[in-house]
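Position 50, counted from 1, in the sequence shown is what my numbering calls 53; the numbers after and before it change by one each time, with no gaps.
Take the hints with a grain of salt, since some may be wrong.
Claimed, not checked - In the DSSO-like style, the derived pairs of lysine-lysine whose C-alpha atoms are separated by at most 27 Å in a straight line are:
(1) Lys-51 to Lys-121
(2) Lys-60 to Lys-122
(3) Lys-51 to Lys-24
(4) Lys-24 to Lys-60
(5) Lys-51 to Lys-122
(6) Lys-87 to Lys-57
(7) Lys-56 to Lys-87
Since the hints were derived computationally from the structure, they do not count as laboratory data.
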Amino acid sequence: MPRDLFSDALTRLRNALRVNKQTVIIPFSNLNYSFSNILLEEHLLEKKTILSKKYIKLEGLKFYNKKSDHTLFNFFKNCQRLSKPSNRLYIKAGDIPLIDNGLGFVILSTSYGLMTGKKARALNIGGELLCQFNFQ
4 MPRDLFSDAL TRLRNALRVN KQTVIIPFSN LNYSFSNILL EEHLLEKKTI LSKKYIKLEG
64 LKFYNKKSDH TLFNFFKNCQ RLSKPSNRLY IKAGDIPLID NGLGFVILST SYGLMTGKKA
124 RALNIGGELL CQFNFQ
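Turn these sequences into a full structure, and let the hints guide you.
Structure (structure tokens):
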């Protein structure tokens, strides 16, 4: 079992979408559970199911359709883990990056829980910058 379950979950998502799988099973942790809630809120996931105390099943992984030219982008292909257990990255509310002119997003761990950068900017709170999703 890997030590960093969040990085393991991101890698499993990337690998599943590279082979066009619509379902993936990730290890259960409170961080991964909150992460799956954000994916549901952002409409990148249709359904999640807790299989046991060890695993979460994510179903209906979606591809993002950019409205300007109707090109399908693989959303998880370019997700990047920013803060790592060996090198934590904390930012203030004013320093939250805008990814791809608002098309992409970042996920932060704040004192109010896990949230997207847009929501953290609206609440004017900073936190640990966990990962970013973009289309490049």
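Hints versus structure:
no., hint, result
1, Lys-51 to Lys-121, "holds, 23 Å"
2, Lys-60 to Lys-122, "holds, 26 Å"
3, Lys-51 to Lys-24, "holds, 15 Å"
4, Lys-24 to Lys-60, "holds, 12 Å"
5, Lys-51 to Lys-122, "holds, 22 Å"
6, Lys-87 to Lys-57, "holds, 22 Å"
7, Lys-56 to Lys-87, "holds, 24 Å"
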